[in-house]
Amino acid sequence: AHERLNVHGGACALGHPIGASGARLIVTLIHAMTQRKVKRGVAVLCIGGGEATAIAIELA
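So that you can map any letter, position 15 of the sequence shown is 15 in UniProt numbering, and since no number is skipped, the others follow by simple counting.
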(Lines of atoms letter the chains of each structure in order from A and count residues from 1; the text may use other names and numbers.)
(Lines give C-alpha, C1' and ligand atoms only; values in the text may rest on other atoms or scores of the structure.)
Protein backbone atom coordinates (compact mmCIF):
# COMPACT_ATOMS: atom_id res chain seq x y z
CA ALA A 1 0.00 0.00 0.00
CA HIS A 2 3.04 2.33 0.18
CA GLU A 3 2.67 3.09 -3.52
CA ARG A 4 -0.82 4.48 -2.78
CA LEU A 5 -0.32 6.28 0.55
CA ASN A 6 1.49 9.63 0.86
CA VAL A 7 3.06 9.20 -2.57
CA HIS A 8 4.86 12.57 -2.20
CA GLY A 9 5.12 12.57 1.61
CA GLY A 10 3.03 14.31 4.24
CA ALA A 11 2.82 17.98 5.26
CA CYS A 12 6.28 18.07 6.85
CA ALA A 13 7.93 16.39 3.85
CA LEU A 14 6.25 18.86 1.48
CA GLY A 15 7.20 21.90 3.52
CA HIS A 16 4.88 22.92 6.34
CA PRO A 17 3.91 26.56 5.67
CA ILE A 18 2.02 28.02 8.62
CA GLY A 19 -1.60 28.57 7.62
CA ALA A 20 -1.18 26.97 4.20
CA SER A 21 -0.67 23.26 4.89
CA GLY A 22 -4.23 22.42 3.83
CA ALA A 23 -3.90 24.19 0.48
CA ARG A 24 -0.48 22.62 -0.04
CA LEU A 25 -1.80 19.12 0.63
CA ILE A 26 -4.86 19.57 -1.62
CA VAL A 27 -2.88 20.95 -4.57
CA THR A 28 -0.27 18.19 -4.21
CA LEU A 29 -3.02 15.55 -3.98
CA ILE A 30 -4.74 16.82 -7.14
CA HIS A 31 -1.41 16.92 -8.98
CA ALA A 32 -0.55 13.36 -7.87
CA MET A 33 -4.02 12.18 -8.90
CA THR A 34 -3.66 13.61 -12.41
CA GLN A 35 -0.14 12.16 -12.76
CA ARG A 36 -1.31 8.70 -11.70
CA LYS A 37 -4.62 8.95 -13.59
CA VAL A 38 -6.78 8.12 -10.56
CA LYS A 39 -10.22 9.57 -9.87
CA ARG A 40 -10.40 9.63 -6.07
CA GLY A 41 -8.11 10.80 -3.29
CA VAL A 42 -8.23 11.88 0.36
CA ALA A 43 -6.21 14.56 2.17
CA VAL A 44 -6.11 14.55 5.98
CA LEU A 45 -4.70 17.34 8.12
CA CYS A 46 -4.02 17.61 11.87
CA ILE A 47 -5.20 20.98 13.13
CA GLY A 48 -3.78 20.68 16.65
CA GLY A 49 -5.37 20.08 20.01
CA GLY A 50 -6.41 16.55 19.06
CA GLU A 51 -8.50 17.78 16.14
CA ALA A 52 -8.23 16.94 12.44
CA THR A 53 -10.01 17.54 9.18
CA ALA A 54 -10.24 15.55 5.95
CA ILE A 55 -11.37 16.14 2.39
CA ALA A 56 -12.25 13.57 -0.26
CA ILE A 57 -11.69 14.67 -3.85
CA GLU A 58 -13.11 13.07 -6.98
CA LEU A 59 -11.89 14.27 -10.37
CA ALA A 60 -14.17 14.24 -13.39
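Derived from the structure by calculation, the hints contain no laboratory data.
Fair warning: there could be bad hints in the mix.
[Unchecked claim] Each computed SDA-like pair below joins lysine to any residue, with the alpha-carbon atoms no more than 20 Å apart:
no.: 1; residue 1: K37; residue 2: H8
no.: 2; residue 1: K39; residue 2: A60
no.: 3; residue 1: K37; residue 2: I57
no.: 4; residue 1: K39; residue 2: V27
no.: 5; residue 1: K39; residue 2: R4
no.: 6; residue 1: K39; residue 2: A56
no.: 7; residue 1: K39; residue 2: I55
no.: 8; residue 1: K37; residue 2: A60
no.: 9; residue 1: K39; residue 2: L5
no.: 10; residue 1: K39; residue 2: G50
no.: 11; residue 1: K39; residue 2: E3
no.: 12; residue 1: K39; residue 2: A54
no.: 13; residue 1: K37; residue 2: G19
no.: 14; residue 1: K37; residue 2: V27
no.: 15; residue 1: K37; residue 2: N6
no.: 16; residue 1: K39; residue 2: A13
no.: 17; residue 1: K39; residue 2: H8
no.: 18; residue 1: K37; residue 2: E58
no.: 19; residue 1: K39; residue 2: E51
no.: 20; residue 1: K39; residue 2: A52
no.: 21; residue 1: K37; residue 2: V7
no.: 22; residue 1: K37; residue 2: I55
no.: 23; residue 1: K37; residue 2: A56
no.: 24; residue 1: K39; residue 2: C12
no.: 25; residue 1: K37; residue 2: A20
no.: 26; residue 1: K39; residue 2: G49
no.: 27; residue 1: K37; residue 2: C12
no.: 28; residue 1: K37; residue 2: I47
no.: 29; residue 1: K39; residue 2: G19
no.: 30; residue 1: K37; residue 2: L59
Quantities reported herein were computed from a predicted structural model and do not represent experimental measurements.
Note to self: Run the distance test for K39 versus G19: straight-line Cα separation, threshold 20 Å.
What the structure shows: Not OK: K39 and G19 at ~27 Å, beyond 20 Å, violated.
Next item on the list: Please work out if K37 and A60 have their alpha carbons no farther apart than 20 Å.
Entry: This hinted pair holds, its Cα atoms lying about 11 Å apart.
Check: Within 20 Å, alpha carbon to alpha carbon, are K39 and V27?
Finding: It holds: about 15 Å lies between the C-alpha atoms, which stays within 20 Å.
Check: Are K39 and G50 close enough, with their CA atoms no more than 20 Å apart?
Finding: Violated, because 30 Å separates the two Cα atoms, which is more than 20 Å.
Notebook entry, point to check: Regarding the pair K37 and N6, is the alpha-carbon distance no greater than 20 Å?
Noted result: Given that 20 Å is the threshold and the Cα spacing comes to 16 Å, the pair holds.
Margin query: With the threshold set at 20 Å, check whether the alpha-carbon distance from K39 to R4 stays at or below it.
Written below: holds, 13 Å
Next item on the list: Assess, step by step, whether the Cα of K37 is no farther than 20 Å from the Cα of E58, and give holds or violated.
Entry: It holds: about 12 Å lies between the C-alpha atoms, which stays within 20 Å.
Note to self: Can you confirm whether the C-alpha distance between K39 and I55 stays at or below 20 Å?
What the structure shows: Holds, because 14 Å separates the two Cα atoms, which is no more than 20 Å.
Next item on the list: Could you grab the alpha-carbon distance between K39 and E51 and see if it respects the 20 Å cut-off?
Entry: Not OK: K39 and E51 at ~27 Å, beyond 20 Å, violated.
Check: If you draw a straight line from the CA of K37 to the CA of V27, is it 20 Å or shorter?
Finding: holds, 15 Å
Notebook entry, point to check: Are the Cα atoms of K39 and G49 separated by 20 Å or less?
Noted result: Violated - the C-alpha atoms of G49 and K39 are around 32 Å apart, more than 20 Å.
Note to self: Check the hint pairing K39 with A56 against an upper bound of 20 Å on the C-alpha distance.
What the structure shows: This hinted pair holds, its Cα atoms lying about 11 Å apart.
Checked against the numbered hints given earlier, the structure breaks hints 10, 13, 16, 19, 20, 24, 25, 26, 27, 28 and 29 and satisfies all the rest.
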